[in-house]
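Visitor: The lines below spell out each chain.
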Amino acid sequence: MLLTEFERIIRRSLSSGAMDWLEQKIGLIKTEEKNLQLNLAFSHIPRFVEKKTIALQPSEVAEINQKLPGFDLSGWSADRLARVYLLMQVPDQDKEVYLRKINGLFTAAEMNEQAALYSALPVFSYPQEWIHRCEEGIRSNIGTVLEAIMYHNPYPARYLSENSWNQLVLKAFFTEKDITRITGIKERKNKALSETLKDYVQERLAAHRTVHPEIYKLIEL
Amino acid sequence: MCCNENFRERSEGEKIQTSLDLNDISGMKFFDPHVHMTSRTTDDYQAMADAGIVALIEPAFWLGQPRTGLDSFTDYYSSLIGWERFRSSQFGIKHYCTIGLNSREANNEKLAEQVMEILPNFIFKEGVVGIGEIGFDDQTAAEEKYFRLQLDLAKEAGLPVQIHTPHRDKKKGTQRSMDISIEQGLAPSMVIVDHNNEETVKEVLDRGFWAAFTIYPFTKMGNERMVEVVKQYGSERIMINSAADWGISDPLAIPKTAALMKKSGISLKDIELVTYRNAITAFGQSGQINEADFLTVKNIDQSQKFESNSILRGGQQPRIDKNSIIIS
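Sequence order for the protein chains is E and G.
Heads up: the first sequence begins at 1 in our numbering, then just goes up one per residue.
Heads up: the second sequence begins at 1 in our numbering, then just goes up one per residue.
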């Protein structure tokens, strides 16, 4: 869906050597039945692609946001961009095979790979199939994984149940995340969340701890 | 690996509380190429960072009791490249690991067979700097079989090997480990022979292997002995580590030994080689160590602040005052 936009950014962000390597791997991934090339290429990306933060034009940010509202690649490193770009090209005609390939990557994912996989939630095929995975990710204690799910990622707001969404918001407050960067934070305000946050405020006050000012915005309904 | 069972002796001893003085080595940086952080606390991470440890390698090892199923291995390897890597980064320490099937569990052949099948899923990951720790424990036939198979895997993958030499029958076990490495076609320069002592070091160095020493109280090397080894053999291809784990061990073994070496008149150049540079040269043959990353992870509290927002990305751990009885 966003392949053209991604391709333009990635061509500019990668060295020609890295781009050639990536394109060759994508060719192999598109034709292989098993997942060997996918697994290896996904892991090997940082050997060829730098970790510097990518530069985006305001027009590109706007374009992506128009096609997939709430999605923003600002702050992504080049290796994460390359990983998500790679994931977008995994053949999805056979649902079972596709799910097995992507789930296989989650099973043995290294710290940065996990962040890339969760960043890719909004571009995976069969979006309903990733709800459980997303909920699992919210239970992670790895800060960068939580941020990949929470920040400028439209998947949770669109697909999570009210309960799971509320867990995400609570976890964000508990782990001191920047609430303003969560896609859908205003749109998905709800009564149950408001009640829980009220209790949380009371608990903080009773413990003589500070209360995050953003909490009050979610309590006013 | 531990354990010493003299707990009565320990408990009866006088309890002395002093503060450790590492001023002699202040400003130096250290690399611990063998430390099992999953069994250490956050206090250890903080103390290591304070003492100048900028990066470390966590070898995959035995967990104190045998695993009974494949998923336990999968989850353990995943934690070495996932959660533990993140935990370390919160203290500004760059975390690498080596992945392998340890010798004790190689004796459970049915399970070992399955573990061999999943190893390729992990050894090519970012920050995996070798196959380890592998080698001999009891020196059984099964241990030898899986040692050889993993040496083949290392050779294929172009990765260094971190060899655990046995506690019992050490000298012969060390010789045999080197013989087998050569037989499987590995260059000695790709093999780090660990847990050396005065009896093994000469042959290891003469044959061109890296000689690692574990500074570990009671059961392995003491650091006064280590000073003598460096005086006698110099600093070429010698490195030290703490191998700190769930036994009585010391995650500050490297900075402490550096301080002792300095007091004993060993040159700063030699200290740097033994406590930092040699390990990077040896394991850097994996292509997975970039010293610039040590600085990136160290500056986590500045570089990971995002768009001047004061909320920490990833969240570096706040420091607590250990000398206060108040916990807030």
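Honestly, the hints are just simulated from the structure, not real lab data.
Honestly, I wouldn't trust all of these hints.
Computed footprint of chain G on chain E; a stretch qualifies when at least three of its residues, placed anywhere within it, have a C-beta under 8 Å from a C-beta of chain G [said to hold, decoys possible]:
1. 67-73
2. 101-109
3. 156-163
Calculated lysine-lysine pairs in the DSS-like style (CA-CA distance at most 27 Å, straight line) [to be verified]:
4. 34/E with 155/G
5. 202/G with 231/G
6. 155/G with 145/G
7. 217/E with 186/E
8. 191/E with 217/E
9. 170/G with 231/G
10. 171/G with 145/G
11. 34/E with 52/E
12. 30/E with 101/E
13. 52/E with 29/G
14. 231/G with 263/G
15. 29/G with 155/G
16. 269/G with 298/G
17. 52/E with 269/G
18. 145/G with 51/E
19. 262/G with 51/E
20. 217/E with 189/E
21. 34/E with 110/G
22. 198/E with 217/E
23. 101/E with 186/E
24. 171/E with 298/G
On the chain E side, residues computed to face chain G include the following (Cβ under 10 Å) [as the list claims (entries may be wrong)]:
25. 1
26. 4
27. 5
28. 8
29. 11
30. 12
31. 16
32. 20
33. 24
34. 46
35. 145
36. 208
The beta-carbon is built from N, C-alpha and C at its ideal position, and this holds for glycine as well.
Visitor: Next step is simple, just say for each hint if it's right about the structure.
Guide: To see whether the hints hold, each was checked on the structure:
Only when three residues or more bring their CB closer than 8 Å to a CB of chain G does the claim for the segment 67-73 of chain E stand; here the count is 0, and the claim is violated. Chain G is given as covering the segment 101-109 of chain E, and this holds because 3 residues of the stretch bring a CB closer than 8 Å to a CB of that chain, at least three being needed. Proximity of the segment 156-163 of chain E to chain G, defined as three or more residues with a beta carbon under 8 Å from a beta carbon of that chain, is not established by the 0 residues found. The hinted pair formed by residue 34/E and residue 155/G meets the criterion: a straight-line CA distance of about 24 Å does not exceed 27 Å.
Using a Cα cut-off of 27 Å, the hinted pair residue 202/G and residue 231/G holds, with the two alpha carbons roughly 13 Å apart. Distance hint between residue 155/G and residue 145/G is fulfilled; the C-alpha atoms sit about 16 Å from each other, no more than 27 Å. Distance hint between residue 217/E and residue 186/E is fulfilled; the C-alpha atoms sit about 9 Å from each other, no more than 27 Å. About 13 Å separates the Cα atoms of residue 191/E and residue 217/E, which keeps this hinted pair within 27 Å; it holds.
Taken as a hint, the residue 170/G and residue 231/G pair is honoured in the structure, with Cα atoms around 23 Å apart against an allowance of 27 Å. At most 27 Å may separate the alpha-carbon atoms for a hinted pair to count; residue 171/G and residue 145/G meet this at roughly 20 Å. Restraint check for residue 34/E and residue 52/E: the C-alpha separation of about 31 Å exceeds 27 Å, so the hint is violated. Between residue 30/E and residue 101/E the alpha-carbon distance is near 12 Å, which keeps this suggested pair within the 27 Å criterion.
With a C-alpha separation of about 25 Å, the suggested pair residue 52/E and residue 29/G falls inside the 27 Å cut-off, and the hint holds. In summary, the hint linking residue 231/G to residue 263/G is supported, as the alpha carbons are separated by about 13 Å, within the 27 Å threshold. For the suggested pair residue 29/G and residue 155/G, the alpha carbons sit about 31 Å apart, so the restraint of at most 27 Å is broken. The hinted pair formed by residue 269/G and residue 298/G meets the criterion: a straight-line CA distance of about 24 Å does not exceed 27 Å.
Straight-line distance between C-alpha atoms of residue 52/E and residue 269/G comes to about 33 Å, which puts the hinted pair past the 27 Å bound. Proximity of residue 145/G to residue 51/E is assessed by CA-CA distance (about 40 Å); at most 27 Å being required, the pair is judged violated. At roughly 38 Å between alpha-carbon atoms, residue 262/G and residue 51/E are farther apart than 27 Å, so this suggested pair is violated. Proposed proximity of residue 217/E and residue 189/E is supported: the alpha carbons are some 9 Å apart, at most 27 Å.
For the given pair, residue 34/E sits about 25 Å from residue 110/G by alpha-carbon distance, which is consistent with the 27 Å threshold. Among the hinted pairs, residue 198/E with residue 217/E is consistent with the structure: their alpha-carbon atoms are about 11 Å apart, no more than 27 Å. With a C-alpha separation of about 35 Å, the suggested pairing of residue 101/E with residue 186/E is violated against the 27 Å cut-off. Under the criterion of a C-alpha separation no larger than 27 Å, the hint pairing residue 171/E with residue 298/G is consistent with the structure, at around 26 Å.
Here the hint on residue 1/E is broken, as its CB sits about 27 Å from the closest CB of chain G, past 10 Å. A least Cβ separation of about 28 Å between residue 4/E and chain G goes past the 10 Å threshold, and the interface hint is therefore violated. Interface hint at residue 5/E: violated, since its Cβ lies 22 Å from the closest Cβ of chain G, which is beyond the 10 Å cut-off. For residue 8/E, the suggested interface contact is broken, since its CB lies about 24 Å from the closest CB of chain G, more than 10 Å.
The interface hint given for residue 11/E is broken, as the beta carbon of that residue sits about 23 Å from the closest beta carbon of chain G, more than 10 Å. About 22 Å separates the beta-carbon of residue 12/E from the nearest beta-carbon of chain G, more than 10 Å, and the hint is not met. Interface restraint check for residue 16/E: the shortest CB-CB distance to chain G comes to about 21 Å, outside 10 Å, so the restraint is violated. At about 19 Å, the closest approach between the beta carbon of residue 20/E and any beta carbon in chain G exceeds 10 Å, and the interface hint on this residue is violated.
Using the Cβ-Cβ criterion of 10 Å, the hint placing residue 24/E at the interface with chain G is not satisfied: the shortest such distance is roughly 17 Å. Interface restraint check for residue 46/E: the shortest CB-CB distance to chain G comes to about 5 Å, inside 10 Å, so the restraint holds. The criterion of a C-beta within 10 Å of any C-beta in chain G is met by residue 145/E, whose closest approach is roughly 8 Å, and the hint holds. At its closest, the beta carbon of residue 208/E sits 8 Å from a beta carbon of chain G; the interface hint therefore holds under the 10 Å criterion.
Checked against the numbered hints listed earlier, the structure breaks hints 1, 3, 11, 15, 17, 18, 19, 23, 25, 26, 27, 28, 29, 30, 31, 32, 33; every other hint is satisfied.
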